[in-house]
Amino acid sequence: QVPLVQSGAEVKKPGASVKVACKASGYTFTAYYMHWVRQAPGQGLEPMAWTNPHRRDTKVAQKFQGRVTLTTDTSTDTAYMELRGLRPDDTATYFCASGLRGGAYYYAMDVWGQGTTVTVSS
Amino acid sequence: QAVVTQEPSLTVSPGGTVTLTCASSTGAVTADHYSYWFQQKPGQAPTTLIYDTIEKHSWTPARFSGSLRGGKAALTLSGAQPEDEAEYHCLLSFGGVVSDSELSYSGDRYVVFGGGTKLTVL
Chain L
715 QVPLVQSGAE
725 VKKPGASVKV
735 ACKASGYTFT
745 AYYMHWVRQA
755 PGQGLEPMAW
765 TNPHRRDTKV
775 AQKFQGRVTL
785 TTDTSTDTAY
795 MELRGLRPDD
805 TATYFCASGL
815 RGGAYYYAMD
825 VWGQGTTVTV
835 SS
Chain X
3 QAVVTQEPSL
13 TVSPGGTVTL
23 TCASSTGAVT
33 ADHYSYWFQQ
43 KPGQAPTTLI
53 YDTIEKHSWT
63 PARFSGSLRG
73 GKAALTLSGA
83 QPEDEAEYHC
93 LLSFGGVVSD
103 SELSYSGDRY
113 VVFGGGTKLT
123 VL
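For the protein sequence lines, the chains are L and X, in the order given.
Counting from 715, one number per residue, gives the positions in the first sequence under our numbering.
Counting from 3, one number per residue, gives the positions in the second sequence under our numbering.
Here chain L stands alone, though its shape is the one from the complex (with noise of 0.2 Å):
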């Protein structure tokens, strides 16, 4: 069984926003740290965010500061990373990724979801 499923592709017009969403099953999410990863077309991986509910532990990335957004619905074990102000340079895979130790471990990244496509043009 796949621990984490991510929301289906999009394409959005710049200034616009997209919520990705993020389906862990099989686990109590909110007590792990969940990241938010982000790989450009060709390029290398890119931390965007981590939280972790139980220990009220979010950090956004200066880079991505003002623009994100992480939230988590409880009742569907469903993580969200909400991205505003689109440009084109934000076009990208986005990743989930958990940990699977409870506690402290803040940069742990175990398990992957499968990625979600955001393609942003006018």
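Accuracy of the hints is not assured; some may be wrong.
[What the hints assert, rightly or not] List of simulated lysine to any residue pairs, SDA-like, C-alpha gap at most 20 Å:
| hint | chain 1 | residue 1 | chain 2 | residue 2 |
| --- | --- | --- | --- | --- |
| 1 | X | Lys-120 | L | Gln-757 |
| 2 | X | Lys-43 | L | Thr-831 |
| 3 | X | Lys-43 | X | Thr-62 |
| 4 | L | Lys-777 | L | Ala-745 |
| 5 | X | Lys-43 | L | Lys-773 |
| 6 | L | Lys-777 | X | Gly-97 |
| 7 | X | Lys-58 | L | Pro-717 |
| 8 | X | Lys-120 | X | Gly-29 |
| 9 | X | Lys-43 | X | Glu-87 |
| 10 | L | Lys-773 | X | Tyr-112 |
| 11 | L | Lys-777 | X | Gly-117 |
| 12 | X | Lys-120 | X | Glu-9 |
| 13 | X | Lys-120 | L | Gly-756 |
| 14 | X | Lys-43 | L | Lys-777 |
FYI, nobody ran anything at the bench for these hints, they're computed from the structure.
Following the hints, position chain X against chain L.
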């Protein structure tokens, strides 16, 4: 913020051994950087091979191992298989120390990916 550097590309013969490294611009990589290694094949999400420098997940093939070597994090592949041809990414953590499942830190915490190593099995 630190810059993390990996070899851009390496080649290994089938059945051979190769070591990939991960260096930090801030100095020697230590256990407190909690290095991770990920394998990513084209069009797929990353999968986690190594965490906390040397630890393996249940799904990590035994031919992969992690270590610290010469002030860098290292991933060694012993007995390369054709299916090991992929991009390998390392991740280092900065600013936080986890001890007895508790986190201590002062100042900023962040994680940084290396640029990735394209490994060819040929």
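Do the hints match the structure? See the list:
1. X:Lys-120 / L:Gln-757: This hinted pair holds, its Cα atoms lying about 12 Å apart.
2. X:Lys-43 / L:Thr-831: Holds, at about 16 Å.
3. X:Lys-43 / X:Thr-62: Judged against 20 Å, a Cα distance of about 15 Å means the pair holds.
4. L:Lys-777 / L:Ala-745: violated (26 Å)
5. X:Lys-43 / L:Lys-773: violated (29 Å)
6. L:Lys-777 / X:Gly-97: holds (18 Å)
7. X:Lys-58 / L:Pro-717: This hinted pair holds, its Cα atoms lying about 18 Å apart.
8. X:Lys-120 / X:Gly-29: Distance ~24 Å between Lys-120 (chain X) and Gly-29 (chain X) Cα, so the pair is violated.
9. X:Lys-43 / X:Glu-87: Status holds; Cα separation ~8 Å.
10. L:Lys-773 / X:Tyr-112: holds (9 Å)
11. L:Lys-777 / X:Gly-117: Status holds; Cα separation ~18 Å.
12. X:Lys-120 / X:Glu-9: Satisfied, since the Cα-Cα distance of roughly 8 Å is no more than 20 Å.
13. X:Lys-120 / L:Gly-756: holds (12 Å)
14. X:Lys-43 / L:Lys-777: The hint is violated at about 27 Å.
In this structure, the hints that do not hold are numbers 4, 5, 8 and 14, in rising order.
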